[in-house]
Amino acid sequence: MSDTLRFRDDEAADEPAVSLDAFFDQPEADSVRIEAGEDVTVLFPHLSRVRLVEIDFPRFRDGRGFSTARMLREAGYTGELKATGDVLVDLVWFMRRCGFDSFAPDVAIDPAVLEASLARYPNVYQNAADGAVPIWKLRHPDLANG
Amino acid sequence: MYKYDQYDQAMVDARVEEFRDQTRRRIEGHLTDDQFKPLRLKNGLYLQLHAYMLRVSIPYGTFDSRQMRKLAHIARTYDRGYGHFTTRQNIQYNWIKLQDAPDILGELATVEMHAIQTSGESVRNVSADQYAGAAADEIMDPRPWAEAIRQITNFMPEFSYLPRKFKIAVIASPVDRAALRWHDFALRIVRNDAGEIGFEVYAGGGMGRTPFIAHKIRDFLPTGQVFSYLQAVLRVWNRHARRDNIHKQRMKILVHELGQEEFARQVEEAFEHFLPLGQDIPPAEYDRIAAYFTPPPFLDGLSEEIDLSDPAFAAWVRRQTVAHKAPGYAIANISLKPVGGIPGDISADQMDLVADLADRFSFGEIRATHAQNLVLPHVARQDLHTLWQELRAAGLADANLDLVTDIIACPGLDYCTLANARSIPVAQRIAERFADLERQEDIGELKIKISGCINACGHHHAGNIGILGVDRKGTENYQLLLGGSGDEETSQAKITGPGFDEEGVVDALERAVEHYRAVREPGERFIDTYRRLGMDGFKEAIYV
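Residue numbers (our numbering), protein chains in the order written: chain A, 1 to 146; chain B, 1001 to 1544.
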């Protein structure tokens, strides 16, 4: 595994993330790992003790983790949200929009390609978990705060 | 017609540069073929038998003369001088070089076109009634909502890697010209008892190897909540679809396995969750989009009368034109199904001509249909004769709309890596067999649809007569199906029995058609007779 790319200023959790089952067995655990296909909603009542959630992408074409991430953010989770596994540079912009703020890809990402990729799209069409203002709202500035 | 503003243009321009960079990284070896494949697919680029194929999006089938001229230019410059209109109202080019693809996307962007999400596991180009904005029977123009859907569903971050493709259709008429219930997600604009406009919602349809007709999952959805609802549908599917077998990942499979009621219940739950999250566009944004679809400046006081003394012209008017909402106007269909031709194919010169005719006679507007034909939506009836003469000179005046030679066919083994059998030659043999127009008119409406493999791109499940090409012990074999329909009485075609070789399937089809002529009751179309008699009523005639 390559180094973690982090888009947060706080200190990273130092305990390794444990499986969902282990998380419920260990009341002191604050880092949890969610595999593709696991139901994230079981974690919602316990978010106050979570500092790190890792969401694994076993294959880049398995897009379940995008929904998992966004649902966590919609449930009010503000801690670190890390994408692990088959994380490719062309996915990172979408992952950032879904609320991921750190990345531990199996294969290192070229920083120059990533920088260009994250800067490429000037705007977005949809509301998501990143707070970007959608184009439909920009078109109606009188509604911008509505 | 919709016009890009600076935001739309910037998004499409950024997409071109992104794909240029991705193509460069592939050519330089930084991306594996496996990694590049979904990226190119989401820009419409397939690898076919002989070359790359590029599928260009024509959102809801509406485009204009300027865009058609650009499509002609691309056909001449980057392809072999022609293009192919598809069953999803798009156009594809069959002879593209990978290194040219970013430049082609760049050219398309100059005329407000793109190939975004025309393939791959994504929300595809939204389709619509090809007569939208012109049809006499529509409640309203469905295209403003289709355009809003285009914008919202492009680059959806949460649904970047859906389990499979996802196809949406929108109509606003009681008559279904868009094969609504063969889509993953479909909206029919309706008016409720209180007079409010909303959507009737269908989900879980699709063809392919496991065909399902979509179920109605909601009677009335307020239009202003459609993006909350659509995201709820996508989220339920994205989370719960199988990921272990690509042939069982379409949403239709999930809807079938959960049952429509349980699926609808889960969607409603997710919908309630999304509603307060600000996903939906405000009325002001709908109004902004709708303003682009105000009707063109129709002339008042035009005569409905036209001189039909020329029988060939009269036949064309009878067959190819449809009632328009504005007095004195007609909707004119242009057949891309000449006998012996390739269904949906059009040369660059013909594209330029259609563009000129659109400018002269249809306020510059053109439509592509899911039956692989074109439409000039707003033609003054007094101009029809001149239009017909111009079309005839270019080989575009066939009068066979919805007749036995108006065949839908996939590219088949002539182009496609998935195909087991050729489709185009079968379509050509059938058209030649039934070339006599008088016989075609006597047979009446009969929709034939041909697929070269079980993936069903030629819509054989929805054919009044369907043909499915399969590979049997290394030779092409064709199954015959009867009774399918894509209209408001949607039905799935059933296999008649043992398959045939290429010549044999044309003979069998002809026997089925002649049997229909022998046993039909007055006013019955082929599909009506089939529904009355069932398969047993045809089987003996087919297997003599």
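If you're looking for bench data, these hints aren't it; they were derived computationally from the structure.
Careful: at least some of the hints might be erroneous.
Claimed, not checked - Derived coverage of chain A by chain B (criterion: at least 3 residues anywhere in the stretch with Cβ under 8 Å from a Cβ of chain B; other residues may be distant):
1. 5-11
2. 16-30
3. 52-64
4. 100-111
5. 131-141
Note that the structure is a prediction, hence the values are computed from the model and not measured.
Note that CB positions come from ideal geometry on N, CA and C, so glycine has one too.
Hints and how they fare:
1. 5-11: Contact hint for the stretch 5-11 of chain A vs chain B: violated, 0 residues under 8 Å.
2. 16-30: Answer violated; 0 residues pass the 8 Å Cβ test.
3. 52-64: Since three or more residues must qualify, the claim that chain B covers the stretch 52-64 of chain A holds, with 5 doing so at under 8 Å.
4. 100-111: violated (count 1)
5. 131-141: holds (count 5)
Violation of the numbered hints given earlier is confined to hints 1, 2 and 4; the remaining hints are satisfied by the structure.
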